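Trainee: Please build the complex by placing chain B on the supplied structure of chain A, with the hints as guidance.
Protein chains: 2
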Amino acid sequence: MSLPSVFSRYHAEVNAEIKSLISERQSPMYDMMRYHLGWIDAHGRVLNRSNGKAVRPTLCLLTCEAVGGEYRKALPLAAAVELVHNYSLIHDDIQDDDIERRHQPTVWRLWGKPQAINAGTVMRMLAGVAVRRLEIPCERQVRIQSLIDEATIKLIEGQYLDISFETKPDISVADYLDMIGCKTAALISCSVESGAELGTDDRRRIAALREFGWNLGMAFQTKDDILGIWGRQDQIGKPTGNDIRHRKKSLPVILGVSETSGPRHEELRRIYNRETLDEESVRTVIEMLESAGALKESQRITVEYIQKARDIVNSVSLEPSFRRDIDELVTFLMDRDF
Amino acid sequence: MSLPSVFSRYHAEVNAEIKSLISERQSPMYDMMRYHLGWIDAHGRVLNRSNGKAVRPTLCLLTCEAVGGEYRKALPLAAAVELVHNYSLIHDDIQDDDIERRHQPTVWRLWGKPQAINAGTVMRMLAGVAVRRLEIPCERQVRIQSLIDEATIKLIEGQYLDISFETKPDISVADYLDMIGCKTAALISCSVESGAELGTDDRRRIAALREFGWNLGMAFQTKDDILGIWGRQDQIGKPTGNDIRHRKKSLPVILGVSETSGPRHEELRRIYNRETLDEESVRTVIEMLESAGALKESQRITVEYIQKARDIVNSVSLEPSFRRDIDELVTFLMDRDF
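These protein sequence lines are chains A and B, in that order. Residues in the first sequence are numbered from 1 upward in steps of one, following the numbering used here. Residues in the second sequence are numbered from 1 upward in steps of one, following the numbering used here.
In isolation and in its complexed conformation, chain A is listed as follows (with noise of 0.2 Å):
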């Protein structure tokens, strides 16, 4: 399953810009920056891989002209959700001592934990540099700001119970999905609603794009949280049973322990609890999760979560032509192997 072409449309613009940004500064720590975004190699040498699918500032820049707007102008915007998301990848991978990302060793692995701690927090400095590149009235300019900044502040505090979760033995699944609304769901949908206030003025237009781009984000981390423990290490960068491996209390495990009893669930909450996991006890738990229905419970909730998106989606006035790439993103969403 290859990435739609949408995903590319806007991809060298968006890049200019948030290349725009960095070229301002001077100090040798944006190479972190750099690196992570992956346009240089650990040695500084210039690599044109792909920095992951841009899900965010494709999303805002499609919604932006969907509602009759103009993209061009949306490009800041579109660097800043895309900012806000990286910085969040470089802490977490800090807070969860991950050595890999896209295939390649995370900017704390190579800089140390302290330096890559600053090129997260600098890089979300950054968005909001990026915000006020808008050309846009003042007004509106601070109501962009703010819905960025709400959404990196429910971004942390998504952040803060997935880490807290860690060590609560029972999570239900409406704390897991009141996580995620943080975690995930708060910036896809600002990226979405920020998109589309540069091209309408239509409050009740607005709205209902919110409440989709909230949706689809909710989707879009149950799905993930899906390929974390059954995603192939060669489409997603990681191997295979990593969230299990890292002890994630991710959607199918919740699922897992609350739908087993009995023995089959003290046995997976004991294995689960144990400080380190071997590649046996990862294999033993994805077998009990399946034998479970977890994953097959976790597809429906996403496939609910993207029913409802679309719905909300549908009933929205949009421009045909950009209807339907985002109908082919959406798909491309609930379908994804990587």
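Treat the hints as calculated values from the structure; they're not laboratory data. For clarity, every value in this text was computed on a predicted model and none was experimentally measured. Glycine residues also receive a C-beta, built at the ideal position from the N, C-alpha and C atoms. Please note that a few of the clues may not be correct.
[Said to hold, decoys possible] Using 30 Å as the maximum straight-line C-alpha spacing, the simulated DSSO-like pairs for lysine-lysine come out as follows:
id, chain 1, residue 1, chain 2, residue 2
1, A, Lys-19, B, Lys-168
2, A, Lys-113, B, Lys-248
3, B, Lys-113, A, Lys-168
4, A, Lys-168, B, Lys-19
[Said to hold, decoys possible] Listing some non-contacts, in silico: residues in chain B with all C-beta distances to chain A over 10 Å:
id, residue
5, Asp-41
6, Gly-69
7, Gln-95
Mentor: For chain B alone, kept in the frame of chain A given last:
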């Protein structure tokens, strides 16, 4: 030596502003911020501990009044600069592995580094929220937001340099001054400049006050470096020689290395480059620095910046009573032993 009364003048109101910002948020994550600010202890019990000297908000509000502004309208700005400063302390403690601050365990020591990273970053985000509370024309608000963002970016660039100095063999005094210009002077300068922005439209006065703040910030940091080696534990909340123990390349060390020669130079470098320094080595280094005249030279540099700051502020037209307050604050910052 006690804190001049000017430091307590705005204290309660700045704290109330920060409290009101945090009280809008629900997550238990904000308890890390409350703890760091000295409002609650590790068990969540309410305290009335002072949270540091609050140099930046005091300078911000004093300057605002000194150019004819109303400090009450600037309280969200004062809260913002205090939040930026405290975010940086939370991250610094993580990056430097410091286990104590203000006689208390650091945030990461109690909650772990992953969560402390979240506490720091979200604290920085709340500074932006604070700026949007300012009831001022939109264009000016965007300008203030930009000043604070750029000061934060400088601060992070300075922290990057500071950490990178740890593994570089020869740091010149010029390198060091460049680093503290970013790490410390930028935010102090921004506190003064943004405070002035809220009180006057006179660009020349604002520019002069920014320069005043920058020189004051430089002196503040060189003085801090002196206290980081020769300060008393009961006064500064950290053991004497703490910066030596952490092999920080602070001003006295850089001066000491550059002003000794031959075997003494080699000996100093050799001891300082050890993985860990025992208490005897710490004492030896301090004695070597003293006999090389590094304490005296550090004091001379501090006085030079203070004098520059004084000359500039004396050239600016200010309300007389606030000028006296600023003079008192400057004198204290130079003479302080904590």
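Trainee: A separate judgement is required for each hint: does it hold in the structure or not?
Mentor: Status of the hints after comparison with the structure:
1. Lys-19(A) <-> Lys-168(B): The hint holds at about 29 Å.
2. Lys-113(A) <-> Lys-248(B): 18 Å, holds
3. Lys-113(B) <-> Lys-168(A): 18 Å, holds
4. Lys-168(A) <-> Lys-19(B): 29 Å, holds
5. Asp-41: Correct as stated: the minimum Cβ-Cβ distance to chain A is 20 Å, above 10 Å.
6. Gly-69: 21 Å, holds
7. Gln-95: 4 Å, violated
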